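1 is the number of the first residue of the sequence shown in the UniProt record's numbering; add one for each residue after it.
To be clear, the hints were calculated from the coordinates, so they are not data collected in a lab. Owing to the predicted nature of the structure, the values given are computational and were not obtained by experimental measurement. Keep in mind that a hint or two might mislead.
As a list, the in silico SDA-like pairs of lysine to any residue whose alpha-carbon atoms are at most 20 Å apart [said to hold, decoys possible]: (1) 124 x 168; (2) 124 x 88; (3) 106 x 178; (4) 61 x 30; (5) 147 x 122; (6) 124 x 56; (7) 124 x 44; (8) 124 x 204; (9) 55 x 159; (10) 61 x 85; (11) 61 x 75; (12) 124 x 136; (13) 147 x 133; (14) 61 x 106; (15) 106 x 18; (16) 124 x 106; (17) 147 x 188; (18) 164 x 203; (19) 55 x 22; (20) 106 x 168; (21) 55 x 178; (22) 164 x 204; (23) 106 x 133; (24) 124 x 203; (25) 61 x 26.
Here are the in silico distance ranges between beta carbons for each label pair [stated by the list, open to error]: (26) 204 x 77: 22 to 32 Å; (27) 82 x 200: 21 to 31 Å; (28) 120 x 200: 15 to 25 Å; (29) 17 x 77: 17 to 27 Å; (30) 226 x 142: 24 to 34 Å; (31) 149 x 54: 11 to 21 Å; (32) 166 x 192: 48 to 58 Å; (33) 13 x 222: 29 to 39 Å; (34) 166 x 215: 23 to 33 Å.
Backbone N, C-alpha and C define an ideal beta-carbon position, used for all residues, glycine too.
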Amino acid sequence: MEKKHSHAGHRGRLRRRFLASGHEGLYEHELLELLLFYARPVVNTNDIAHSLLDKFGSLGKVVSADSESLSAVSGVGQSGALFLRLMHDLGISNMRISHSYETLSKRAQLCSCLTEQFSGIGAKICNILCLSSRSELLATVTLPVEKLLGGGMTPRELAAAILKSGAASVCLGINHGADLPLPRPEDLALARMVGELLSAVGTSFTDCIICGGGSSFSMRGSGAFAF
Numbered sequence: 001m002e003k004k005h006s007h008a009g010h011r012g013r014l015r016r017r018f019l020a021s022g023h024e025g026l027y028e029h030e031l032l033e034l035l036l037f038y039a040r041p042v043v044n045t046n047d048i049a050h051s052l053l054d055k056f057g058s059l060g061k062v063v064s065a066d067s068e069s070l071s072a073v074s075g076v077g078q079s080g081a082l083f084l085r086l087m088h089d090l091g092i093s094n095m096r097i098s099h100s101y102e103t104l105s106k107r108a109q110l111c112s113c114l115t116e117q118f119s120g121i122g123a124k125i126c127n128i129l130c131l132s133s134r135s136e137l138l139a140t141v142t143l144p145v146e147k148l149l150g151g152g153m154t155p156r157e158l159a160a161a162i163l164k165s166g167a168a169s170v171c172l173g174i175n176h177g178a179d180l181p182l183p184r185p186e187d188l189a190l191a192r193m194v195g196e197l198l199s200a201v202g203t204s205f206t207d208c209i210i211c212g213g214g215s216s217f218s219m220r221g222s223g224a225f226a227f
């Protein structure tokens, strides 16, 4: 039997199990192994899957890791890293489409939307939810926090991105990853900067919500920031 077919029987069984029971019928390492079949077709992806989970801790953290960190794991290679990043980005894109024109008029709905958007992401990023006059989600603008606070994006550029969506109001979401969603000085600085910008262009500032550690914190609800 040729080397490239040495795992064909195992792969066939894993595919059939997935088709029969979906993702709930497989362990995390098996789901990751199945994904890697299509990026690394001639190697033992079981070993790679275990190595990735050992390094990152969970499937969600694996697919949300950056390409450089993924490539550093033995056997992943550039093609494997690209494939995993693509799967993650497609999932984020699909999630945003599913939320399009969803009504987010209540604080709990905003918290739920942002928590879902930040799920599995450890990077310090912010999501700007652009809402219609009926509180429908028109668009989400995602940016690294350091890009906004460090001057990597001018207020004019940010204003243009928000106005392009036709937003009547904006909710700012800040990701703390696995950390507690408690306001930090940079969070307050970011909320202040966005608030001043929105005031200048005549757009309402609905809330600033911090997500982290599986929970969320509303600056408006807590009174931590004057809107």
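Query raised in the report: Is residue 55 close enough to residue 22, meaning Cα to Cα at most 20 Å?
Result: violated, 25 Å
Query - Assessment of proposed distance window 23 to 33 Å (beta carbons of residue 166, residue 215) - result: holds, 31 Å
Query raised in the report: Falls inside 48 to 58 Å, the C-beta gap from residue 166 to residue 192?
Result: Violated, at about 25 Å.
Query raised in the report: Between residue 149 and residue 54, does the beta-carbon spacing fit 11 to 21 Å?
Result: violated, 34 Å
Query - Holds or violated: residue 164 to residue 204, with C-alpha atoms at most 20 Å apart - result: Within the cut-off at roughly 15 Å; holds.
Query raised in the report: Holds or violated: are the alpha carbons of residue 61 and residue 30 at most 20 Å from each other?
Result: holds, 15 Å
Query raised in the report: residue 55 and residue 178: Cα distance at most 20 Å?
Result: This hinted pair holds, its Cα atoms lying about 16 Å apart.
Requested in this report: Would you check the hint for residue 124 and residue 168, treating anything up to 20 Å between C-alpha atoms as holding?
Outcome: Roughly 26 Å between the alpha carbons, so the hint for residue 124 and residue 168 is violated.
Query raised in the report: Between residue 147 and residue 122, does the CA-CA distance stay at or below 20 Å?
Result: Status holds; Cα separation ~16 Å.
Query - C-beta pair residue 17, residue 77: status relative to the range 17 to 27 Å that was hinted - result: holds, 26 Å
Query raised in the report: residue 164 and residue 203: Cα distance at most 20 Å?
Result: With a Cα-Cα distance of about 12 Å, the restraint between residue 164 and residue 203 holds, given a limit of 20 Å.
Query raised in the report: Does the structure keep residue 106 and residue 178 at a Cα separation of 20 Å or less?
Result: At roughly 25 Å apart (the allowed maximum being 20 Å), residue 178 and residue 106 break the hint.
Of the numbered hints stated above, those contradicted by the structure are hints 1, 3, 7, 8, 9, 12, 13, 14, 15, 16, 19, 24, 26, 27, 28, 31, 32 and 33, listed in ascending order.
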